[in-house]
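Those protein sequences? They're chains A and B, same order as listed.
Heads up: the first sequence is residues 33 to 515, going by my numbering.
Heads up: the second sequence is residues 4 to 308, going by my numbering.
Keep in mind that a hint or two might mislead.
[Unchecked claim] Taking lysine-lysine pairs in the DSBU-like style, the calculated list, with each CA pair at most 35 Å apart, reads:
id, chain 1, residue 1, chain 2, residue 2
1, A, LYS325, B, LYS181
2, B, LYS117, A, LYS501
3, A, LYS344, B, LYS273
4, A, LYS265, B, LYS69
5, A, LYS167, B, LYS104
6, A, LYS199, B, LYS224
7, A, LYS199, B, LYS273
8, B, LYS42, B, LYS184
9, A, LYS459, B, LYS117
10, B, LYS106, A, LYS501
11, A, LYS418, B, LYS69
12, B, LYS13, A, LYS337
13, B, LYS106, A, LYS167
14, B, LYS184, A, LYS199
15, B, LYS117, A, LYS424
16, A, LYS199, B, LYS13
17, A, LYS132, B, LYS117
18, B, LYS117, A, LYS457
19, A, LYS501, B, LYS104
Hints in this document: simulated from the structure, not taken from any laboratory.
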Amino acid sequence: MAGCKPKQAPAAVGLGGEKIKIAVDPVTRIEGHLKVEVEVKNGQVVDARCFGGMFRGFENILIGRDPRDASQLTQRICGVCPTAHATASVRALDRAFNVKLTTNGRIARNLILGANYLQSHILHFYHLAALDYVKAPDVAPFVPRYNKPDLRLDPKTNQIGVDQYLKALEIRRTCHEMVALLGGRMPHVQGLVVGGTTEIPTADKIVAYLWRFKEVIAFIENEYLPLIYTLAKAYPDLLETGTGCKNLLCYGVFPLDDEENTFLLKPGAFIEGKDESLDPSQIQEYVRYSWFKDEDTGLPPNKGKTRPEPEKPGAYSFIKAPRYKNKVCEVGPLARMWITNPELSPIAQKAGFKRMRDLKEKAFSILGRHVARAEEAYLVAKAIAKWLKEVKPGAETYVKTEVPKTGEGWGMTEAPRGSLLHYIKIKDSVVANYQVLAATLWNASPKDDLGQRGPIEQALIGVPVPDPKNPVNVGRVIRAFDP
Amino acid sequence: MSLERRDFLKLCAGTVAGLGLSQVFHPGLVMALEQAAKKAPVIWIQGQGCTGCSVSLLNSVHPSIKEILLNIISLEYHPTVMGAEGELALEHMYAVAEQYKGKFFLAIEGSIPKAAQGKYCIVGELGHREITMLELVQELGKKAAATLALGACACFSAGIPGAEGNLTEATSVTGIFKENKISTPVINVPGCPPHPDWMVGTIAHVLMYGIPELDDNGRPKLFYGRNVHENCPYRGYYEDENFSKTFTQKQGCRYNLGCKGPVANCDAWKRHWNNGVNWCVENAVCIGCVEPGFPDDMSPFYESL
Numbered sequence: 033m034a035g036c037k038p039k040q041a042p043a044a045v046g047l048g049g050e051k052i053k054i055a056v057d058p059v060t061r062i063e064g065h066l067k068v069e070v071e072v073k074n075g076q077v078v079d080a081r082c083f084g085g086m087f088r089g090f091e092n093i094l095i096g097r098d099p100r101d102a103s104q105l106t107q108r109i110c111g112v113c114p115t116a117h118a119t120a121s122v123r124a125l126d127r128a129f130n131v132k133l134t135t136n137g138r139i140a141r142n143l144i145l146g147a148n149y150l151q152s153h154i155l156h157f158y159h160l161a162a163l164d165y166v167k168a169p170d171v172a173p174f175v176p177r178y179n180k181p182d183l184r185l186d187p188k189t190n191q192i193g194v195d196q197y198l199k200a201l202e203i204r205r206t207c208h209e210m211v212a213l214l215g216g217r218m219p220h221v222q223g224l225v226v227g228g229t230t231e232i233p234t235a236d237k238i239v240a241y242l243w244r245f246k247e248v249i250a251f252i253e254n255e256y257l258p259l260i261y262t263l264a265k266a267y268p269d270l271l272e273t274g275t276g277c278k279n280l281l282c283y284g285v286f287p288l289d290d291e292e293n294t295f296l297l298k299p300g301a302f303i304e305g306k307d308e309s310l311d312p313s314q315i316q317e318y319v320r321y322s323w324f325k326d327e328d329t330g331l332p333p334n335k336g337k338t339r340p341e342p343e344k345p346g347a348y349s350f351i352k353a354p355r356y357k358n359k360v361c362e363v364g365p366l367a368r369m370w371i372t373n374p375e376l377s378p379i380a381q382k383a384g385f386k387r388m389r390d391l392k393e394k395a396f397s398i399l400g401r402h403v404a405r406a407e408e409a410y411l412v413a414k415a416i417a418k419w420l421k422e423v424k425p426g427a428e429t430y431v432k433t434e435v436p437k438t439g440e441g442w443g444m445t446e447a448p449r450g451s452l453l454h455y456i457k458i459k460d461s462v463v464a465n466y467q468v469l470a471a472t473l474w475n476a477s478p479k480d481d482l483g484q485r486g487p488i489e490q491a492l493i494g495v496p497v498p499d500p501k502n503p504v505n506v507g508r509v510i511r512a513f514d515p
Numbered sequence: 004m005s006l007e008r009r010d011f012l013k014l015c016a017g018t019v020a021g022l023g024l025s026q027v028f029h030p031g032l033v034m035a036l037e038q039a040a041k042k043a044p045v046i047w048i049q050g051q052g053c054t055g056c057s058v059s060l061l062n063s064v065h066p067s068i069k070e071i072l073l074n075i076i077s078l079e080y081h082p083t084v085m086g087a088e089g090e091l092a093l094e095h096m097y098a099v100a101e102q103y104k105g106k107f108f109l110a111i112e113g114s115i116p117k118a119a120q121g122k123y124c125i126v127g128e129l130g131h132r133e134i135t136m137l138e139l140v141q142e143l144g145k146k147a148a149a150t151l152a153l154g155a156c157a158c159f160s161a162g163i164p165g166a167e168g169n170l171t172e173a174t175s176v177t178g179i180f181k182e183n184k185i186s187t188p189v190i191n192v193p194g195c196p197p198h199p200d201w202m203v204g205t206i207a208h209v210l211m212y213g214i215p216e217l218d219d220n221g222r223p224k225l226f227y228g229r230n231v232h233e234n235c236p237y238r239g240y241y242e243d244e245n246f247s248k249t250f251t252q253k254q255g256c257r258y259n260l261g262c263k264g265p266v267a268n269c270d271a272w273k274r275h276w277n278n279g280v281n282w283c284v285e286n287a288v289c290i291g292c293v294e295p296g297f298p299d300d301m302s303p304f305y306e307s308l
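Same shape as in the complex, but just chain A (with noise of 0.2 Å):
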């Protein structure tokens, strides 16, 4: 195959009224592959398109497989976010087996998922949004940069946030060390299994998690919050820009009874500004911009097939189009925090703001996803406080079972990035199928069926883009969904 020197790229033109088109293409930091192009008039962006680049099929390869391997397997879907899919695949395959966790199964798997939001979420402010906010040091790879990277913060400021960035470092890693004491090793636990977990939290194994989540709280209390609300006060304007469709869904996740009659954030959806309860069966997922078979297209998760055509013409993204009652569908720490409208952080409510929903429209914007995300990680340490006085040491985290010859599951948690879905279907004690949807699904889909743009396309709509050459308001968005 030929090489590919590389070319140079038409320089991008003015600002007047015509119209010119903004390839990112490969968006950095985030997980995975993504492309977006935008259209820009008059400093403004008036259309915009999102390309999922990369397809494994994963919903394949599980096809015939003893059910059980799914948790290991498609936990390797993400490596940011293992423990979700794990989480998910147990959920599912519980459900299969019909089996009942015990109590202290269920607050160890609060503890391992819980553990792993707080890492997930720390990595995704400081490791792969913050550089669009602060400026590192000028070495490998934090340079090249922008010509005019936009960013405001004063000298003093700049280098508290450079200095968090390398502390998040360590106390990102203290999570992962909080998730492998009771789930074997981060990445890819070993410890979520159908039935529970594999390892009874001992007392000794209780103190270390809990002496490394000290150190934890005390920096998303200290250094997290502090720091995103400083943005908020240099960056005013992305308080109001990126506000995207403004429907918001969450499957529910942590539960704190063993009914799972409450969830420390519960299910829900919020449409066209009112609040309904969540019906997993109108979830829909659509493909005629997707590199899939059209015939395949509109199916619900537990009729869902995954046979690509990466040739077919007028697709543009290996992600399908999942909808919610034919609706576009924001998921995510915004969607969460605005469903359950928890109390917030002492120093938002300082701030005057008491409650998410008190955050109104300034919510629905790149900097209003970081201030629900921060404040999520607040919320779920505290949680994670009340869990390690609950769980019981010595007591029973697993409920031995056996292989099905027939069964279906779904499997619904929230990943730290949003809705996420796994439903298996077993037959003759293997996979018949199993179908994955996951948060970047919804918020990075391309159009649907019915010519609807995903939730970040739609978010980027009015982004500014002053200077085409610099186009940071496009990342700032994108990142803002931790796609």
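Based on these hints, arrange chain B on the given structure of chain A.
Same frame as chain A, but now just chain B:
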């Protein structure tokens, strides 16, 4: 201050009494590495993967990832951590590859899909032309001094993306190099993901002393030279035929729960994971993620060999 290769190996293996891994990267070595890094930057590219290898690298304790990023490795291209994006990022990568032709090290995470002319993995776009992983690996592979194939996906039969049922013809680095007669040496650093010490230790060895001694599977013997089961702390239970019946019963050998330790070779049994807090067999079972047969030959994971 310098460090003899022999001592470096001993330190990596953790066989020097009283010295842990933390002493591997004593100040002398760090200084020497800094000098070496300036001459030989690392370009890290990602194919069909999950970023888990990169996240595992971030978990490095000694040296800390802060030390690695700022001082030890000159990481000129890495999609997950780099500041630049889009053409700016790609142009920089090609410029570095040209400037350091024959000198830079190429780290490849994820597998390389061959089906549909490589369209199952697009890594970027330059001058309105899409670049596939298939194309990029060949282009950079020819120019690199050596290539590190990181993680199960980049090694052997391409890990999970290459498992039975895949439609993308996911292929390992060695596979692509062989088919295209690229003679650049490849070091396999498998694992799903690899331990940070396996990656950092291998990179450090390459920078300081050249390619380490490899086993028949192209893996550094230093890290993959010994069998998990033979060295397992629960081996005594196996000899006594005392087998765990459920996951949470820890006073027993995990063989009957499906442990693949007997066919897996790495040093997780002594190195442990995440700052040493736990490891696979202590928590559950080994699934053999460092071996060429992962995942198909190791599956079902929870049935005994």
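Results of checking the hints against the structure:
1. For the proposed pair LYS325/A and LYS181/B, the alpha carbon gap of about 34 Å is at most 35 Å, so the pair holds.
2. Taking the CA atoms of LYS117/B and LYS501/A, the gap is about 34 Å. The hint holds against a cut of 35 Å.
3. Taking the CA atoms of LYS344/A and LYS273/B, the gap is about 51 Å. The hint is violated against a cut of 35 Å.
4. Proximity of LYS265/A to LYS69/B is assessed by CA-CA distance (about 29 Å); at most 35 Å being required, the pair is judged to hold.
5. Of the supplied pair hints, the one linking LYS167/A and LYS104/B holds, its CA atoms being roughly 30 Å apart against a limit of 35 Å.
6. At roughly 34 Å between alpha-carbon atoms, LYS199/A and LYS224/B fall within 35 Å of each other, so this suggested pair holds.
7. A C-alpha spacing of about 28 Å is found between LYS199/A and LYS273/B, which places the hinted pair at or below 35 Å, so the restraint holds.
8. Proposed proximity of LYS42/B and LYS184/B is supported: the alpha carbons are some 27 Å apart, at most 35 Å.
9. Distance hint between LYS459/A and LYS117/B is fulfilled; the C-alpha atoms sit about 32 Å from each other, no more than 35 Å.
10. Of the pairs offered as hints, the one joining LYS106/B and LYS501/A holds, with about 32 Å between alpha carbons and a cut-off of 35 Å not exceeded.
11. Among the hinted pairs, LYS418/A with LYS69/B is consistent with the structure: their alpha-carbon atoms are about 32 Å apart, no more than 35 Å.
12. In summary, the hint linking LYS13/B to LYS337/A is not supported, as the alpha carbons are separated by about 52 Å, beyond the 35 Å threshold.
13. With a CA separation close to 30 Å, the supplied pair LYS106/B and LYS167/A stays within the 35 Å bound.
14. Between LYS184/B and LYS199/A the CA atoms are separated by roughly 44 Å; this puts the pair beyond 35 Å, and the hint is violated.
15. For a cut-off of 35 Å, the pair hint linking LYS117/B to LYS424/A is broken: about 51 Å separates their Cα positions.
16. With a CA separation close to 31 Å, the supplied pair LYS199/A and LYS13/B stays within the 35 Å bound.
17. Taken as a hint, the LYS132/A and LYS117/B pair is broken in the structure, with Cα atoms around 44 Å apart against an allowance of 35 Å.
18. In summary, the hint linking LYS117/B to LYS457/A is supported, as the alpha carbons are separated by about 30 Å, within the 35 Å threshold.
19. A threshold of 35 Å between alpha carbons decides the hint, and for LYS501/A with LYS104/B the separation of about 29 Å falls inside it, so the pair holds.
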